[in-house]
Amino acid sequence: MEENREEMTIDEAFLALDAIVEALEGREITLEESFQKYQEGMGLVKKCSEKIDAVEKKVLILNENGEAYEF
Amino acid sequence: MIQNRTYSVGQINTYIKNMFTQDFVLKRIYVKGEVSNCKYHTSGHIYFSLKDDTGSIACVMFAGMRKGLPFRMQNGQQVVVLGSVNVFERDGKYQLYANEIILDGAGLLYEKFEALKQELEEMGMFASEYKQPIPKYIKRLGVVTAPTGAAVRDIINVAGRRNPYVQIILYPALVQGEGAADSIVRGIRMLDEYGVDTMIVGRGGGSIEDLWAFNEEKVARALFECETPVISAVGHETDVTIADFVADLRAPTPSAAAELAVEDVRLVQERLLQYRMQLGRRMADQVQQQRARLANSRTRLSYLSPQNQIREKRQMLAEKEDRLQELMAGQIRQKRHSLALYIEKLGGLSPLERLNQGYAYVADSEKRKITSVSQMPSGSLVRIFVQDGSVTARVEQSADRNQDDSEGIGTLW
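Residue numbers (this note's numbering), protein chains in the order written: chain R, 1 to 71; chain F, 1001 to 1413.
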């Protein structure tokens, strides 16, 4: 279901971001790799923000026809 | 002739009544049973029987006690009667005189609940294998509950506070009374069909009768068959219904259900902000680091460059030159100094100096040095050098210092 994908992605994204931040702390990483990881990280942050879909929603009522309308 | 004493009916009845009156247990006792032969008399008294499998007992509640009966008593009801058992003397019958009557419907329902619970449990409907995990970050939340009342308000408030971007879809259901179970089932099915990420099914607190719809088998089935994860929130924390066992998760209250269903979006946003900051900072650090390394290498390289090498060597050379000159100058100074000393010494030893001082240098005609009187016999020629020239002289007399000094030449000494 869609929400499962979304949930896994947000938590997965957090895990990936943790790994990226840790990698960027390293002393051995090259500058090219740093840029790559940075872009990857910012990309993940952006995707998560989009998933939140920051639009306030009004409560809907489901009627007997299976249609939803505002409370 | 009968020897024993004989009593009248009245006496016996009185006697028996006394026995009852003196009995400790029968003075105040709770008796439960099913109501039958219930009659509301015009006098205000109520006559009825209490019965169960084993038998029955006659009961009466006098008009004066009617406050103790808060409902309309009907045949078939399970009740608990508080009162005393005593004898109606005139008829020789004993009765239960009721002071309070409470409906034991609760007890009966509870038994029904237990039976159904066991049945469904055996069928495996409560098994944990069938339970779905509740998704963490949802977009759509379904709610089956009454459209008015504290429950729906709490759910909407808590969910809205935690994440106002989640879409809530409410199926307004009957949550008690006739048709409630069907309404709830319909709500579950319709929301499942409409498509939501998680569903909350529940209602506010009430008696076991009020909550009964959530114990109905059809509701349990609907919950079990529901594909969407369901959180049950029926009544208060201490109320347990069958719906709670079948649901994927049980919440103690509607507010708690909303908390379990909706993750606080601010936490997510804060975390994302943190990540953004960390990424930026780390990236800047990395660039800084590389810059430093570059500068370091540049410095070291420039140090090793041929130009630098030459410069260095030149400098070393200049230094050595300086040193050399210094040492040389020192040496020369030293030697000059020694020379000056020698000169002085020599000067002191110089015969010319001696001559300056008034001494004369005496040599023979061969210019050989004369140091002794013996070298100057009388009549010999000697050459006498003084500072500004020399004379040739003939010796007239000589005197040996160590011998006779008649001429007093020794006085020279």
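These are computed hints drawn from the structure, not numbers from a lab. Since we're looking at a predicted model, the values are computed, not measured. All C-beta atoms in this analysis are idealised placements derived from N, C-alpha and C, irrespective of residue type, glycine included. A few of these clues could be false.
[Claimed, not checked] The following label-pair restraints were derived from C-beta to C-beta distances:
hint, chain 1, residue 1, chain 2, residue 2, range
1, R, E64, F, K1093, 55 to 61 angstroms
2, R, G26, F, M1277, 54 to 60 angstroms
3, F, K1131, R, F14, 58 to 64 angstroms
4, F, P1164, R, E33, 18 to 24 angstroms
5, R, L31, F, A1150, 24 to 30 angstroms
6, R, E28, F, N1157, 23 to 29 angstroms
7, R, S49, F, N1157, 21 to 27 angstroms
8, R, E33, F, K1320, 48 to 54 angstroms
9, R, K58, F, Q1290, 29 to 35 angstroms
10, R, S49, F, G1205, 51 to 57 angstroms
11, F, Q1288, R, E50, 58 to 64 angstroms
12, R, G26, F, P1164, 37 to 43 angstroms
13, R, E28, F, K1131, 44 to 50 angstroms
14, R, G26, F, A1150, 50 to 56 angstroms
[Stated by the list, open to error] Which bits of chain R does chain F cover? Going by a derived footprint, with three or more residues having C-beta under 8 angstroms, they are:
hint, stretch
15, 10 to 19
16, 22 to 28
17, 31 to 45
18, 54 to 60
[What the hints assert, rightly or not] For lysine-lysine, the following DSSO-like pairs were computed, each having C-alpha atoms within a straight-line distance of at most 30 angstroms:
hint, chain 1, residue 1, chain 2, residue 2
19, F, K1136, R, K51
20, F, K1218, F, K1131
21, F, K1051, F, K1067
22, F, K1345, F, K1313
23, F, K1345, F, K1335
24, R, K47, F, K1139
25, R, K51, F, K1051
26, F, K1093, F, K1136
27, F, K1320, F, K1335
28, F, K1032, F, K1051
29, F, K1067, F, K1027
30, R, K57, F, K1345
31, R, K58, F, K1139
32, R, K58, F, K1027
33, F, K1139, F, K1112
34, R, K47, F, K1136
35, F, K1067, F, K1017
36, R, K46, F, K1136
37, F, K1017, F, K1032
38, R, K57, F, K1139
39, F, K1051, F, K1112
40, R, K46, R, K57
Pair hint outcome, K1051 of chain F versus K1067 of chain F [Cα-Cα no greater than 30 angstroms]: Given pair K1051 of chain F, K1067 of chain F holds - Cα atoms ~23 angstroms apart, limit 30 angstroms.
30 angstroms limit on alpha-carbon distance, applied to hinted pair K51 of chain R and K1051 of chain F: violated (66 angstroms)
Consistency of beta-carbon spacing, K1131 of chain F to E28 of chain R, with hint 44 to 50 angstroms: holds (46 angstroms)
K1067 of chain F paired with K1017 of chain F [C-alpha distance capped at 30 angstroms]: At roughly 26 angstroms apart (the allowed maximum being 30 angstroms), K1017 of chain F and K1067 of chain F satisfy the hint.
Pair hint K1218 of chain F and K1131 of chain F, alpha-carbon separation not exceeding 30 angstroms: Since the Cα atoms of K1218 of chain F and K1131 of chain F sit roughly 18 angstroms apart, the hinted pair holds (cutoff 30 angstroms).
Straight-line alpha-carbon gap K47 of chain R to K1136 of chain F, limit 30 angstroms: Measuring from Cα to Cα gives roughly 17 angstroms; hence the hint holds.
Pairwise beta carbon distance, P1164 of chain F to E33 of chain R, judged against the given window 18 to 24 angstroms: violated (39 angstroms)
Outcome of range test on Cβ distance (K1131 of chain F, F14 of chain R; 58 to 64 angstroms): violated (25 angstroms)
Coverage criterion applied to the stretch 54 to 60 of chain R (partner chain F; beta-carbon cut 8 angstroms; 3 residues): It holds, with 6 qualifying residues against the three required.
Outcome of range test on Cβ distance (G26 of chain R, M1277 of chain F; 54 to 60 angstroms): Since G26 of chain R and M1277 of chain F have Cβ atoms about 19 angstroms apart, the given range 54 to 60 angstroms is violated.
Supplied distance hint 58 to 64 angstroms, evaluated on CB atoms of Q1288 of chain F and E50 of chain R: The hint (58 to 64 angstroms, Cβ to Cβ) is violated, given that Q1288 of chain F and E50 of chain R are roughly 31 angstroms apart.
Restraint check for K46 of chain R with K57 of chain R, where alpha carbons must lie at most 30 angstroms apart: holds (21 angstroms)
Of the hints listed earlier, those the structure fails to meet are numbers 2, 3, 4, 5, 6, 9, 10, 11, 22, 25, 26, 30, 32 and 33, in rising order.
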